[in-house]
Each structure stands twice: as C-alpha cells, then as structure tokens.
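Chemist: Please take these sequences and the hints and turn them into a complete structure.
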Amino acid sequence: MLGHDRVGLGWRPELAAGILANLDRVDLVEVIADDYVGAGRRELRALRTLAIQVPLVLHGVSLGLASAAPVDGRRLDALARVVGAVEPQAWSEHLAFVRSGGLELGHLAAPPRRDATLGGLAANVARARAIVGSAPALENVATLIDPPGSDRDEPAWLADAVAATGGELLLDLHNLHANAVNFGFDAHAALARLPLARVRFVHVAGGAWIGNDGGRRRVLDDHRHDVPAPVFDLLADLAARTPNPLTVIVERDGDYPPIEHLLAELDRARSALAGGRARVAA
Amino acid sequence: MSASLETYLARLYLDADARRAFAADPRGAAARAGLDETDVAALEQIDHAGLELTARSLQAKREARPRRGWLARLLARWCLR
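Line by line, the protein sequences are chains A and B.
Using our numbering, the letters of the first sequence correspond one by one to residues 1 to 282.
Using our numbering, the letters of the second sequence correspond one by one to residues 1 to 81.
Simulated from the structure, these hints should not be mistaken for laboratory data.
None of these values were measured; they are calculated from a predicted model.
Fair warning: there could be bad hints in the mix.
[As the list claims (entries may be wrong)] Once the Cα atoms are required to be at most 20 Å apart in a straight line, the calculated EDC-like pairs of lysine to aspartate or glutamate come out as:
1) Lys-61/B <-> Glu-14/A
2) Lys-61/B <-> Asp-153/A
3) Lys-61/B <-> Glu-104/A
4) Lys-61/B <-> Asp-237/A
5) Lys-61/B <-> Glu-87/A
6) Lys-61/B <-> Glu-260/A
7) Lys-61/B <-> Asp-15/B
8) Lys-61/B <-> Glu-265/A
[Stated by the list, open to error] Not everything, but these chain B residues come out facing chain A in the computed CB check (under 10 Å):
9) Glu-6
10) Tyr-8
11) Arg-32
12) His-48
Using N, Cα and C, we set each Cβ at its ideal position, and we do this for glycine too.
Modeler: Below you can see the structure in the form of structure tokens.
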C-alpha cells in the first residue's frame, strides 16, 4: 500500500475552533468550496493559511455536473478562482443535477442514470478540468426516489460515470447505505461492483429514518446524526477491498455535538480502516 | 431528451400543484410537458411516495441551508489570526 489512510472532518464554522484545537487528531479538513465563491482576497488568504496548517480539500455542492445540460461556465470560473487561491490537495463535486430549465432546486437531485446524462457529465467534467485545472472527484448521492428514466442500477451508473470522465469516485458510504436501504439492495454487494481502484476519497455521515409509506421507511442523508454502524462496516469492507490509501471525511451539518464526540467518530473510522486492512493481511 | 426530463423532474420537485396534476394523470401531464414516449412511460412507473419525500426533503434542505459564506469566512479569519 502506498501512502497511508487519513481521517478528517468537514470544516464548518461551528466546528472551526474545535478542529484547530485538535489538529493532532484531525488529519485533514474538507471545506465547502461554495462558501468561498465571491470571497475577497483576505478571506481566500485566510483559507490558504488554513491549507498550510492542515491538509485541505475543497468540496463543491452546486455545479450540477451530472446533467444532460451544460455546466454554467461562470460557476466554474468562480470555483477556479477559489482553487487557484487556496491550492487544495484535491476538489470534488457530486453526481447530481441541481438546476434545469431555469429552475433551481437548491440542493442535489439524482439524475436519470442513462447515456444522455453520462454524455453531459463527461462534457461537464472535461470543461471543469479545462477551467479549474484539475478534475473533481465525483461523489455518489443519496436519493429518496429511484431516478425516473434510469436504465441501469447505481453500481453500473457509478462505474460508467468514472469510465466516461476518467476521474475518481468520492465514495460516500452513507449515501450508498441509504440508497441500499431505500431501494432494497445489498450495500456490500454493490460496493464490490464499484470501480474501487478509482476511490481515494470517502465520506461517512449519519442520517434519519423518515416516511411511513405503508410501513416502508427510508433513510434521509441529513448529516445531523452519528455515523451508524453499517457505514463503519462498509468502510472496513472498502479498506479490505482496495489497497489504495483512503482519505475519509466525517461530515456533520447540524445538531453539532461536542468536538470530542466527533473526534471519537474519527477514531472509530480509523479503527474500521485498520480492521479492513488487517483482514487483508491475515 | 434527458435535459427535458430533468427539467420536468425539477418542476415536480419544486411545485406542489405540478405534483398534484401529475399524480392525477401521470401520462397526460408528462405528455403535455412535451416529453417523449420513453420518458412518459418512465414517469408512469414513478414512485409517488418517493417523489413526495424528495420534494419535501429538497424544500427542507433549501430552508435549512445556512447562509454561511460570510460566517465561514469570518470564523476562518478569526480562528487563523
């Protein structure tokens, strides 16, 4: 195995002081790139200072790359400015659409998993690579509806997306878990079908049960709860299946617990990684 | 065309009236939106409960989304000075 596994935390204003006070236990931070679009030079310099102190990656949430429609060039220009100023180790975006036909969803939606979307995705990622200077790792998204118009399942879609773009997959294990629960497939079997050689970055998070459609409940990926045990099991499974050094980010976006609680989640992620690596060595 | 399907899905996710009209007559509503037969047929099979949950979830996430740009930057500056 080249390199080593790392475990970090999503940089949020509410967590900033706790992270900076515990940099010996946080291997890296992931910053929401969109928070810095439109920022002034002083703000970007501050973020660059953070990137010098601790390894930093940027995470985009609003490009809408997985769409048959072209990505907005102005958004890419703005992102390129942030990436250029901050010099992150990597950046990422979602396999989602967030707007179409002048309608802004304001959040991520799973696109139809089919060739037309793949073609749009490949063109959008190529444009992003040209403007930003590097390609994003592409993250699988959670969904509460099986995307209408799809002609393939999620593992096939993710493999096709990576092949079409030549990029990397940012594997969100809670999203995989949520979709497996919501649509009745085995998350570990799905994991085995993914292009794991192209996975270096991983997200873990928690969610909540919602709905009661004839007794059928679903998992909402809300990032407001602890990482559940099945997600750590998936992380161990992933570590056993790939020799790649993995960078794992714990995401939390509300109902913030004390920083010590989140640091314990980072430690649990490290244990899961070590457990998976040990399985291979045995 | 997939872009049209995306636009129609976006409308369904955003507009409760559009969802009501669609629920009453999925085929007719999708066809009137100009979708081709493949997409109309796909939408006839839609998971209506999942559609409603998705719409509610997107609305909740829009409403809960912190306008954190200035706050994130201010805190970063404060923490790093």
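Chemist: Each hint: holds or not?
Modeler: Do the hints match the structure? See the list:
1. Lys-61/B <-> Glu-14/A: Given pair Lys-61/B, Glu-14/A holds - Cα atoms ~18 Å apart, limit 20 Å.
2. Lys-61/B <-> Asp-153/A: violated (26 Å)
3. Lys-61/B <-> Glu-104/A: Within the cut-off at roughly 13 Å; holds.
4. Lys-61/B <-> Asp-237/A: Outside the cut-off at roughly 31 Å; violated.
5. Lys-61/B <-> Glu-87/A: Since the Cα atoms of Lys-61/B and Glu-87/A sit roughly 29 Å apart, the hinted pair is violated (cutoff 20 Å).
6. Lys-61/B <-> Glu-260/A: violated (27 Å)
7. Lys-61/B <-> Asp-15/B: holds (15 Å)
8. Lys-61/B <-> Glu-265/A: violated (24 Å)
9. Glu-6: holds (4 Å)
10. Tyr-8: holds (8 Å)
11. Arg-32: This hint is violated: Arg-32/B lies away from chain A, its Cβ roughly 15 Å from the closest one there, beyond 10 Å.
12. His-48: Interface hint status for His-48/B: holds (9 Å vs cutoff 10 Å).
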